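Residues per chain are reported as follows:
There are 2 protein chains.
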Amino acid sequence: MPVRTVEPLHLRLLRSLRDEGAVSRAELGDRLQMPRPRLLAELERLVGLGYVAEAGLAASRGGRRSTLVELNPQLRFAAVDLGASSIDVEVVDGRLEPIAAYTESADIRNGPKVTLQRVNELLHKARVDGAYERLHAVGIGVPGPVSFRDGVPVSPPIMPGWDRFPVRELLTREHGCPAVVDNDVNIMAIGERHGGVAHSVDDFLFVKIGTGIGCGIYLSGEVYRGTDGCAGDIGHIQLDSHGPTCSCGNVGCLEALFSGAALARDANAAARNGSSPALAERLSIRGAVTALDVAESAVEGDVACIQLIRDGGRRVGSVLAGLVSFANPSMIVIGGGLAQLGHILLAEIRSVVYRRSLPLATGNLPVVLSELGARAGVAGAAVLASDVAFGEAS
Amino acid sequence: MPVRTVEPLHLRLLRSLRDEGAVSRAELGDRLQMPRPRLLAELERLVGLGYVAEAGLAASRGGRRSTLVELNPQLRFAAVDLGASSIDVEVVDGRLEPIAAYTESADIRNGPKVTLQRVNELLHKARVDGAYERLHAVGIGVPGPVSFRDGVPVSPPIMPGWDRFPVRELLTREHGCPAVVDNDVNIMAIGERHGGVAHSVDDFLFVKIGTGIGCGIYLSGEVYRGTDGCAGDIGHIQLDSHGPTCSCGNVGCLEALFSGAALARDANAAARNGSSPALAERLSIRGAVTALDVAESAVEGDVACIQLIRDGGRRVGSVLAGLVSFANPSMIVIGGGLAQLGHILLAEIRSVVYRRSLPLATGNLPVVLSELGARAGVAGAAVLASDVAFGEAS
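Here the protein sequences come in this chain order: A and B.
For the first sequence, the tail end lands on 830 under our numbering, and the numbers increase by one without skipping.
For the second sequence, the tail end lands on 830 under our numbering, and the numbers increase by one without skipping.
Source of the hints: derived by calculation from the structure; they are not laboratory data.
Some hints could be false.
To be verified - Pair ranges (Cβ atoms, derived): (1) P795/A x T726/B: 27 to 37 angstroms; (2) P795/B x D543/A: 22 to 32 angstroms; (3) E736/A x R791/B: 39 to 49 angstroms; (4) E717/B x N800/A: 49 to 59 angstroms; (5) E736/A x S636/B: 56 to 66 angstroms; (6) R545/B x R708/A: 55 to 65 angstroms.
Said to hold, decoys possible - So these bits of chain B aren't anywhere near chain A, every CB distance computed over 12 angstroms: (7) R474; (8) R481; (9) E533; (10) A537; (11) E569; (12) N709; (13) L808.
Unchecked claim - Derived coverage of chain B by chain A (criterion: at least 3 residues anywhere in the stretch with Cβ under 8 angstroms from a Cβ of chain A; other residues may be distant): (14) 670-683; (15) 746-760.
Being a predicted model, the structure only gives us computed values, none of them experimental.
Backbone N, C-alpha and C fix where the C-beta goes; we use that ideal spot for every residue, glycine too.
All chains, please: the whole structure from these sequences, using the hints.
Structure below.
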């Protein structure tokens, strides 16, 4: 319908410098199709605010050489990806290139105070190490539903103590800059769209298969978060009304049948009941087997492991087939820890999706692995942080 | 993210007159929060173009009485809803009130030429009957996927001969005005949002249960059509890998288990095998039983009929539970012919959705029947037609 979406000028300009780097004023004017006087005035303003800086002379195009402009080299954003059992922190520059990065294990169930205190310690450490003088924004993803507007988690099932905890407010106060809070799967989708395989794709699903299963949704070029911020919670779609009991209390949820936790359970069973010699050997050496053991044993040709992955792929595929019929996306990206199961998983997902969805919806539907892998989350948190900082420059 | 949606002034103004009727210039300025000189100039322009007219004097607010403005009383839109076996045509005025309405049986499989010729005949008849002098736009819904941008059906499964037929072009040429083509379920959702139970709701699903099953999707206040225009095709989501064969060639699709066609099949079986005395009696009188017989027999207390409806509700509910987890809408509207199964159906759908979706997503999720019933489709086609006509006034 005839509704126009207009991005404010300063946002287009700053995003262009972020995504395409230093540029002459003349080229920037061409790129943004903007009259020169208006562009020069806006650049002047953004230089004054400390967002934009001069960057030497451009190569000659004949005549007087033009001066390059770029994002202020002092711009710094913090990007945080909280997992169920991990903290990933990066400090990035204006072009979202990492200056410092920290990864460590941590249990989200320790609650918001302990967890966010650790995030703050890592960020202060980065400052002491020289990664930044001051932060211009912080972006953070958490493994549960979020009210994006309010900057708080909302009834997150695996995050006891986090319900409506003022995450954004705490980070803003601590670092003296704006902060933005989103769901872990949304930030992965944002990262993959900015710098990964979904670059510039407007309608796609990012399916994270890790400890649990969730889905980031891009529709018409925007993240779709739903009425309560919990859109994409596909791990609890029921596949089998006689299936195993899920952590949510229902039975036969996708996540109860296939996820990091379910695969570890099934792999240990296969090691013990003798159906998988490869897993049995790994179990005897290490005392437990994981999803990675299944992946490696499958590559070595262990039939039971190949079957475990295929069963999982079939289950994910049958949920995705329904979502493809519903949402008619133009790409599906598979990420999260279990993406390491690789081609066998992907082939099975594809096979089910292509067979079960409307042909029109799958005629040109790539189903692909995440390009950014474990970095997708922090990459997206950095994009969110820069967007919120740029938004302040109005 | 900081992206602003800006509706052009003329569109806001014309939509306001359409949806709220005659108004004084002063009130209109307040309503649209627009400076008076700009408003008066725009009104002047729209009067000149024939969209707006003077409508007498307003009641006094003290001082000089203000003149009312309204949409030109001569504005006429045609609204067409093509079903699998029906044609509904209305001619409406600027406020979308029906001036003339025609309903008749027709088989969509007769192809586009025969069907659209009949549509044109009905519209010419409306002119001869005095419903209009000229049409300002035509809106039409068809029972299959549509490329909204191109104005053509795309690989519609139950519409042989319609694939990429230039529906919009033909109607534009015939009636000398813009035309707009959409999917039948989308126009029902648009109608329900404009003048029904979903009034002003930004994120909702309109589930049509008729001969087949489909879903109109509103996200962030806009119809979401998907990459290929086939979003919402939920009738072919698989529920039971050992279920009956579907018209699409797969097995166990929702539509194969519950829809107008499936219910007629199951009702005739229940009449013949003796499980439903009420249906057996109706069968003996009329030679066949339909969904309406099931509805009436259930109200009379026939146990088998109540069970048939409950089974259907459970199946629809289990697909919707997954979609609620995925899309986190703020309302679900049930429409289409089988909505006549009424409260028993609705109660079962609600029960499954509330039990199986994430509590956060169902905490405040009304599941309600369509208010517009059989008129939802033409009502939405009229909204689309007026929007496209108003869009031309730029």
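Hint-by-hint comparison with the structure:
1. P795/A x T726/B: 27 to 37 angstroms: holds (31 angstroms)
2. P795/B x D543/A: 22 to 32 angstroms: Distance hint for P795/B, D543/A holds at roughly 24 angstroms.
3. E736/A x R791/B: 39 to 49 angstroms: holds (43 angstroms)
4. E717/B x N800/A: 49 to 59 angstroms: holds (53 angstroms)
5. E736/A x S636/B: 56 to 66 angstroms: holds (59 angstroms)
6. R545/B x R708/A: 55 to 65 angstroms: Roughly 59 angstroms apart at Cβ, these two residues keep to the hinted range, so it holds.
7. R474: Non-interface label on R474/B holds, nearest chain A Cβ at 18 angstroms vs cutoff 12 angstroms.
8. R481: Per Cβ check, R481/B is outside 12 angstroms of chain A; nearest 17 angstroms; holds.
9. E533: holds (22 angstroms)
10. A537: Holds, since 25 angstroms exceeds 12 angstroms.
11. E569: Holds, since 25 angstroms exceeds 12 angstroms.
12. N709: Given that every Cβ of chain A is farther than 12 angstroms from that of N709/B, nearest at about 26 angstroms, it holds.
13. L808: holds (20 angstroms)
14. 670-683: Satisfied; 4 residues make the cut.
15. 746-760: holds (count 5)
Hint check: no violations occur; every hint is consistent with the structure.
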